[in-house]
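Undergrad: Need the complex rebuilt from these two chains, each delivered in its own frame; the hints are there to steer you.
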Amino acid sequence: MKTVAILCLAFSLSACAAPGPNASADDPYEAHNRQVHASNKALDQALSGDGNDSGRSIPPAIGDGIVNFADNVSLPGMVANNLLQLDLAAALSNTTRFILNSTLGLGGILDPADDIGLFEDEADFAQTLAVWGVGEGAYLELPVIGPQTQRDVAGRIGDFFVDPFGKFASDELVWAARIANLASKSVKRDQFSATIDSVLYDSADSYEQQRLIYLQNRRFELGVTNADDAVDPYADLYGDE
Amino acid sequence: MNRRHMIALTSSALAAPTMSVAVPTATAQTLVDGLVAEVNDVIAANMSEAAMINRFAAIFDRYSDVPTIARYCLGVDARRASAAELRAYTAAFRDYIAGKYGRRFQEFVGGQIIVVGAKPVKEWVEVETSVRLRGRNPFQMDWHVSDRSGRPAFFNFIIEGVNMLLTERAEIGAMLDKRRGNLSALIEDMKAI
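Residue numbers (the numbering used here), protein chains in the order written: chain A, 1 to 241; chain B, 1001 to 1193.
The following block holds chain B by itself, in its conformation from the complex (with noise of 0.2 Å):
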């Protein structure tokens, strides 16, 4: 953490009394921070594909908010899933996301992600950082954080357009359908991934 951030952290965490519902932008760019030296950090590391997806899955669950993610990618079926099938979907969920967006990470070997910026959009932060990869146009990574989990935390990220949250949520929604909304088949399958 360098020192601007330390002064806006410091003034963001004077004024949080009066600033209600958003999380601080320098909050939500010091996680984004954060987040982006350890993905640089893995990207840079010349480790075996299983290596890497552990150390997502480790990332996912320090900066993201899976169960939000994880609830939202399920949709309405998630209203009638009683407290036990909702937290066997979100563990198998955590595995299939850091699984799935592990093995895609490992095209940015060689390559390098940098914060560009922040800026507050409606109840959250969005947080731009560019992914450089060599003989290729950079492009555009944005990462929306929020502290109403509790904590400040990313739940969603959008690559040039495609946003995580709705590609996943047509996903899930697709395998339950294959499975005829059975959520234990759908966990099963997920767990298969």
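So here's chain A without its partners, still in its complex pose (with noise of 0.2 Å):
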């Protein structure tokens, strides 16, 4: 049943346009996208004050644990996406990496996997969704959550399908890596606060900047990067031709 829903989900977006050259956007609800954009800066600016205190306020030591939790806790959804999309390498090496810190790293408040090379290998359903050829539709920006594709937010649908964690971890633990999730995400709120800052409230036209960097930067995590997007300066010195 949730495989059907799923496949429905993946059918229904796989019209959704491809990315066009150089980082463009499909961004036909702009308008309202703005809007979104206008409230979220201003929930932003309550949260994490007004952008102009520089430096972490949160101790790296505490913010460290619970990032490695909230991370460590994601790994057996990453696993059954690595595994959706037959990339086994991955697989394995984030099923080590959960293992070892799941034990070593004190159920996950540590991260001794780092220690030794073996980093996280991303995966979500979004992903999956586009190694299947789902293209990335609309650009929109949610409110609270942020920049999102369409495939994103289809991914994020799927990801509570198939991520296997709730059917072994206790109810408490569930629990714990949700408050976990959530933390780690003003933790992470808090250690990029610079470049946060700079690009949500020193840019002139800030939903702009952050459209252009999301989608970069989400094409580039997806491996979905077109070579051809490369800009050559000196073969168009003006980027107009």
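None of these hints come from the bench; they were simulated from the model.
Built from N, CA and C at the ideal position, the CB exists for glycine as well.
Incorrect hints may appear among the rest.
[What the hints assert, rightly or not] To give an idea of the interface, some chain A residues facing chain B are shown, with a C-beta separation under 7 Å as derived from the structure:
1) Q85
2) D87
3) F160
4) S206
5) Q210
6) I213
7) N217
8) F220
9) G223
10) V231
11) P233
12) Y238
TA: Okay, here's the thing in structure tokens:
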């Protein structure tokens, strides 16, 4: 039943357009997205200060533990997606990482796997959809969540079904994972405050900057960057040819 | 510079007359080796933000092709600018970019950049580096190097897929739109950042 739901979702999205050249955005909902952007910015400002305080406010020792734990509990879901993408090498390395950090890493609070170079091989259902050939769809800015594509939204729903963590973990652990996930987001917001502040508060058009940065980074993560997008300012000095 | 690079440099210098367009891969990698060593010095040292930005400005001057980056980011408006306007804009852009990315490199403090490798792409060389920050997955930073300005220099960098030239071109374009296309006003705005 779940599989059918996911396949239907995948099918309905396969009509979505492929990304165009030069990090262009398919943004038919721009007017509405900009409204959401303004309220997201106001929310960010309320939660993280006015963007003028530089430096971290969360001590690294606490922040790192939260991020490590949240990353660790997301690994089973990543392994499920590695398998759906038939990426067995990534599935194996993420599984090893999960076992190592859950045991030696005291339930994932520490990250001994990192120390031996066993880094996280990120995967999510949006990536699985991309591997299956589903197009990116339109760009969306969602309340609180922020930048997404239609494929990312479908991926979030898909991840809810494919993530096996809830099936083997206790209810308490599942709740701890959810809370850690939220906390991890604010730690990362704090850790990269200078870059995020610079994009949100120092840009002439923060909506456009965020869209451009999000889409380029997301395509890179998903491995769908088009090599022809590379810019050659010597061949095209004014970028208008 | 290690011996491997010396040999590669020497051999590429010998091969230079037959290799017309692209910068030799080894030359590009040597450039990024030097650049990365300097950046690592800056992020390992305990210095003020102003001192860091000064160091980054010097690194940009030495290792990048600022005039080309500046002109690309201005786009079509560079066509109708006078030589004097373009000079003033390029100088303002240089300070703007060093300040902006110098401040961002502050997040790398305590970390380290490692050169992974280099490969020719189209008319230039892409040098891949990996940024290692404590408690975080390493992230990829690619440098695009060319000698078409007359010397080997980088003209773009891409952080986890985010292309500096495209991002800054959009930003400068938005800044110029705010000033209804007035270049002198843009230059003043850039100086204020």
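Undergrad: A separate judgement is required for each hint: does it hold in the structure or not?
TA: For each hint, the structure was consulted:
At a threshold of 7 Å, the smallest CB-CB gap from Q85(A) to chain B is about 19 Å, leaving the interface hint violated. With a least beta-carbon distance of about 17 Å to chain B, the hint placing D87(A) at the interface is violated under the 7 Å criterion. Annotation: interface hint on F160(A) violated; nearest CB of chain B at approximately 24 Å, more than 7 Å. Look at S206(A): its Cβ only gets to about 9 Å from chain B, farther than 7 Å, so that hint breaks.
Using the Cβ-Cβ criterion of 7 Å, the hint placing Q210(A) at the interface with chain B is not satisfied: the shortest such distance is roughly 11 Å. For I213(A), the interface hint holds, since its Cβ comes within 7 Å of a Cβ in chain B; the closest pair sits about 5 Å apart. The beta carbon of N217(A) comes within 5 Å of a beta carbon in chain B, closer than 7 Å, and the hint placing it at the interface holds. With 7 Å as the threshold, the beta carbon of F220(A) comes within range of chain B, its nearest partner Cβ sitting at about 2 Å, so the hint holds.
The interface hint given for G223(A) is violated, since its Cβ lies 10 Å from the closest Cβ of chain B, which is over the 7 Å cut-off. Annotation: V231(A) was flagged as interfacial toward chain B, and the flag holds, the nearest CB pair being 5 Å apart, inside 7 Å. Of the supplied interface hints, the one on P233(A) holds, with its beta-carbon coming within about 4 Å of a beta-carbon of chain B, less than 7 Å. A distance limit of 7 Å between C-beta atoms decides the matter here; for Y238(A) the minimum to chain B is near 5 Å, and the interface restraint holds.
The structure fails to meet hints 1, 2, 3, 4, 5 and 9 from the earlier list, while all remaining hints are met.
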